[in-house]
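Undergrad: Chain by chain, the residues:
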Amino acid sequence: MRDSISKPITRVDAADKLSGAACYIGDMRLEDMLYAKTLRAAEPRAKLISIEYPELPEGYFVVDKRDVPGENRVKMLIDDQPFFAEEVVNYIGEPIALIVGKDKEVINKLLEDIKVEYERLQPILCIDNITAPPIYGENDSFADYSLNKGDLQKARAGAAYVYEGIYETGYQEQFYMEPQGVIAEFKEGKVSIYGSIQCPYYVKNAVVSCLGSAPEDVRIVQAATGGAFGGKEDYPSLLAGQAACAAIKAGKPVCLLLDRNEDLEATTKRHPAKITLKSYIDESCRILGLEADIALDAGAYAGISGVVLQRAMFAAAGVYNIENLSIRGKAIATNKAVSGAFRGFGSPQAFFAIEMHMEHAAKAIGIDPLQYKLSNLVKQGDRSTTNGILRDKILLPEMVDRVLEMSGFTEKRKSFKTERAVGALKGIGLSMFFHGCGFTGNGEQDHIKAKVRLTKDIHDRVEILIANVEMGQGVQTTMRKIAAAAMELPIDSIIFANPDTDRVPDSGPTVASRTTVIVGKLVYDAALKLKEKWQAGAASEVEEQYKYPQGFEWDNDSFSGDAYTNYSWGVNAVEVELDPITYESTIKGVWTVFDIGNPIDDRLVRGQIDGGIVQGLGYASMEVMENLQGRFRQRTSTDYIIPTAMDIPEIKSELMCEPFKYGPYGAKGLGELTLVGAPIAYALAVENALSINIDTLPVRPEHLMEVAADGNGY
Amino acid sequence: MAMDISFVVNGKRVNIYGNPTARLLDALRDYCGLTGVKEGCGEGECGACSVLVDGKLVNSCIYPIAKVEGKEVLTIEGFRGTEKYEVLKESFEAAGAVQCGFCSPGMLMAAESLLRENPKPDEVQVREAISGNLCRCTGYNTIVEAVLDASIRGEGLW
Amino acid sequence: MVEAYKPNDLKEALELLAFNDCTIFAGGTDLMVKRKRWSGLVPSFEKPVMFISQLQELREVTEDNGMLTIGAACTLSELIDNELIPEHFKTVFRQMASPGIRNIATIGGNICNASPAGESLPLLYALDAEVVLQSSCRKVELPIAEFVQGVGKTLLKSGEMVTAIKVPKSSFTSITYRKVGTRKSTALSKLSFIGLAASDEEGLQDVRLAFGAVAPTVVRSRDAEEDIIDMLKLGSLDISQIIDDYSTLIKPISDQRSTALYRKKACIRLLVDFIINSLAREVVR
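Protein chains in written order, with our numbering: chain G, 1 to 714; chain A, 1 to 158; chain C, 1 to 285.
Note that these hints are calculated values from the structure, not bench results.
Treat the numbers as computed from the prediction; the structure is a model and nothing was measured.
Please note that a few of the clues may not be correct.
Far from chain A, some chain C residues (derived; all Cβ distances over 10 Å) [said to hold, decoys possible]:
1) D244
2) L261
3) R281
With a Cα cut of at most 20 Å, we get these calculated SDA-like pairs of lysine to any residue [what the hints assert, rightly or not]:
4) K109/G <-> W38/C
5) K84/A <-> Q125/A
6) K379/G <-> S284/G
7) K104/G <-> W38/C
8) K56/A <-> K90/C
9) K588/G <-> T418/G
10) K84/A <-> L148/A
11) K104/G <-> D30/A
12) K652/G <-> E145/A
13) K102/G <-> G40/C
14) K34/C <-> N108/G
15) K11/C <-> E57/C
16) K451/G <-> E541/G
17) K34/C <-> N261/G
18) K102/G <-> W38/C
19) K102/G <-> G18/A
From the three backbone atoms N, C-alpha and C, an ideal C-beta is built for every residue, glycine too.
Please model the entire structure based on the sequences and the hints provided.
TA: Shown next, in the form of structure tokens:
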């Protein structure tokens, strides 16, 4: 089976993208289209005392809170974020109003002439020692969860060693190549939104609630999307609501595109995290228990922080079998841009913490870290952090062996030690991790309830109707492959257009590494159904809805049971060499083995692996985003740095396959997993090169200079 | 003060009476309708707006139209009809060097610029040549492989 | 919309400049970013703009009597490809920006921009380059260290433009250039260092050291260099003295790219490494 479905085919969207014919949102021109630009808050936390608008020429509009016909709240988990600020602003860059009109020059001038009077309030700018009044609730947390498994007291009592560490990770900006944008059109009582989006139905629900309109009066159409990585999960809902209000007010289509630097400053980023771990270890170096405290910097509004926090908490014990756990998590409100989804969704932070912790604990005890990790690995039949059963075979030991072999890890550790003695700072590190695929907890079965539809026309062409979007990952190709293979049809008899909510059912958002494994399986099942009732030359239609697989269970109140139905696994090694004078790093090699079940298309899989690894390496090494007094210091594309082709070495990857029986052709989730392990392996490699402990991401040469440079004054 | 600016885009003469400091990017996208030229950053960092001016790779977002007077501009729309483009396209497809596609037109122009100057580049030279073109999806290695592959399969074309 | 000029030759350009206070526009890779506005809008210039990159007189590289003259509007790529340009210049230029930008950006622009992080500057300081300033009525040459006054500040007067850079050709037996950037391409420098040394049969003759991005202007001290030469000649190398000397000159700031501490330490470490691994070898040649 692997051979046929895994064999790569030419991406269906490649030709249009290469030739420049693909139509992204910035390439769309509607008749009579107006432009909109956002008036943004200049203070991190302030009361809006007054806003004085200049006189508007004819055909120009201010669109603000007064123009929201429905709820001025972006519909998400907690509806706290306004489309347009009301009495207060809570972060620099928060939208207050749009100026809308035909001529950008005029709009710009109008924006410059607006006078906003603020009364400054004491902002909350860090996640410890909060003294200012809360932004949200009584304790300034959007989520505050506890998770207990076993009995930590027992672990404490039996511990021969106790090891504690604090691990911190910084912001990461998605830096999709295409900045965010939407176009809204209002025609005959109906709003249509075209946009660069991941989740058409999130946008739809948000616009429906914003306008207070009937669901059938809102239609969302995805434009070609130039990368997203989580960044276009929830933020487009805000833009779409704003643009919809503007289009209704102006009676003309309104284009709201962000410039890059505006996007950098105002849109969501990966949550900075501070994670404290304390492990209790017995005489034989078995981990008896783990205490974890996870604090996420959630920014000014709730967004999806609660779910990010859950994923981080459920990953807190890493790939280790720890029977007694006490995990506390908080998503703390601060006066900064809203933190949101980014490939990995809380898990890169949690895995960084536990992997470094394991390494440091082993070093402190005086044992080999790799052996320590291997001797504590989870295996099939063990319980997850939430007491779910790990049903499938876990290939980690074999995967570790293979990565050791591919990378020459053991020999390199030895030879680097010798080389370090003569001044060459070389190191190699290895990480182990997983990703729970699909929504966390009860998301799939209770909230999303994905639905897919396949239609067949009289020419026997089959159209896949789902709400999941092509954003670079290759879903247009994989879905076609799955449907074609299931029905034994040629690939070009399958149609899959960018989703339009007037045509596609809600198969859920394009997030959480769920598209192939969850939606792909539904497409597969629907295809089998369609094949069964196939009548050449006759039109027909089938639907399929998500069913929670039998035998799995989840209790959302106690966070117990199967947080995920399937897990993908990874082992990464990274080799670095540091400049002995400046501590600049050069990545010399990356070796990976992933178990993602059966790959649907080997070439697309490699694309996800390479891309995720490089984003992870950027996160680990150069992607610095600091916030000073509520303002991002790196707020231009000149200062927020992502890797170039010259920063990246060859990446050697292999797959091992433990199929998931509820995935299409045995596939499991892939997209996010690939980012999780490289930052850790990078940090461990630096650690190895310098014989120090690293507990902060990104690992900056600035930090290494402080901790590693000799003490003789320079 | 507006100036008459005349240049050739993809083989066709274009006359613009406009502000000489206007960005070539806007002239190409808005005036000529060549939307294959993308804006990713607007400050010369990302290369999505790459075009060739008199055969040299430039970032059109920081290139004023005054400077293209009398010159020839090649964008992806002009390049895509060529045999060289076909070779690069096939190599990009075969290597899996396209994902979201937003960097792709600029990336191809950077590849074309390299191959014109150096038809047989090595890996380091390819990395160097595309180093001003950011890609957030692929991690670059497939793109590097594609350009190397095109240089072999397209031997004699450049 | 402001006035714009595109003179056909230098003479015309200088005459225009004599009567118009202009923003001189060479490559424009910095100007277009600084003046950038909302996508689709024309970058804003308050003063009339004069384009100069088409001026043939400003695009030539010549060598005469041991003096290299580089036209101010030569792009970095043109210089990299030019046979008269020495290899150690090219090493610096090749690490600047990205291929697309190097095809646009000019050396004159990099100088006049007078950014502390201007990457051609440490090289030009170390080589005692002279900046040629021309107006309709005069032509003067100023040492680059005099010409650049501070962050974004130069001695360029209204009516003048930089037409060329003159660099005395000299040969060095040790050349070290290190740009410490935010990444390996398309990066601005956190700091940069150039160390040059010349020696002959009689031993070390010259040392030039310059540091970029660690003070408002490039850090170079002839006194300190001469002290080093003397120390080496006398065989009494006092590294801590040298470090003290340069520590007072190197005054970096912390910003969005790096920290003051890192910049300073990295500079001193590069300096010490150069002295120990390059200069000391020159001495025992």
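Undergrad: For the pair supplied as a hint, K104/G and D30/A, confirm whether the alpha-carbon distance does not exceed 20 Å.
TA: The hint holds at about 13 Å.
Undergrad: Does K652/G pair with E145/A here, judged by a C-alpha cut-off of 20 Å?
TA: 14 Å, holds
Undergrad: Straight-line Cα separation of K84/A and L148/A no greater than 20 Å?
TA: 13 Å, holds
Undergrad: Between the alpha carbons of K102/G and G18/A, is the straight-line distance 20 Å or under?
TA: Since the Cα atoms of K102/G and G18/A sit roughly 19 Å apart, the hinted pair holds (cutoff 20 Å).
Undergrad: Can you confirm whether the C-alpha distance between K379/G and S284/G stays at or below 20 Å?
TA: 19 Å, holds
Undergrad: Would the pair K84/A and Q125/A pass a check requiring their Cα atoms to be no farther apart than 20 Å?
TA: Holds. K84/A to Q125/A sits at ~19 Å (cutoff 20 Å).
Undergrad: For the pair supplied as a hint, K104/G and W38/C, confirm whether the alpha-carbon distance does not exceed 20 Å.
TA: Cα-Cα ~8 Å, so holds.
Undergrad: If you draw a straight line from the CA of K34/C to the CA of N108/G, is it 20 Å or shorter?
TA: This hinted pair holds, its Cα atoms lying about 17 Å apart.
Undergrad: Starting from K451/G, check that the Cα of E541/G is at most 20 Å away, please.
TA: 13 Å, holds
Undergrad: For the pair supplied as a hint, K109/G and W38/C, is the alpha-carbon distance within the 20 Å limit?
TA: 11 Å, holds
Undergrad: Need the status of pair K11/C, E57/C: alpha-carbon distance at most 20 Å?
TA: 10 Å, holds
Undergrad: Would you say R281/C is clear of chain A, with no C-beta pair closer than or equal to 10 Å?
TA: 29 Å, holds
Checked against the numbered hints given earlier, this structure breaks none of them.
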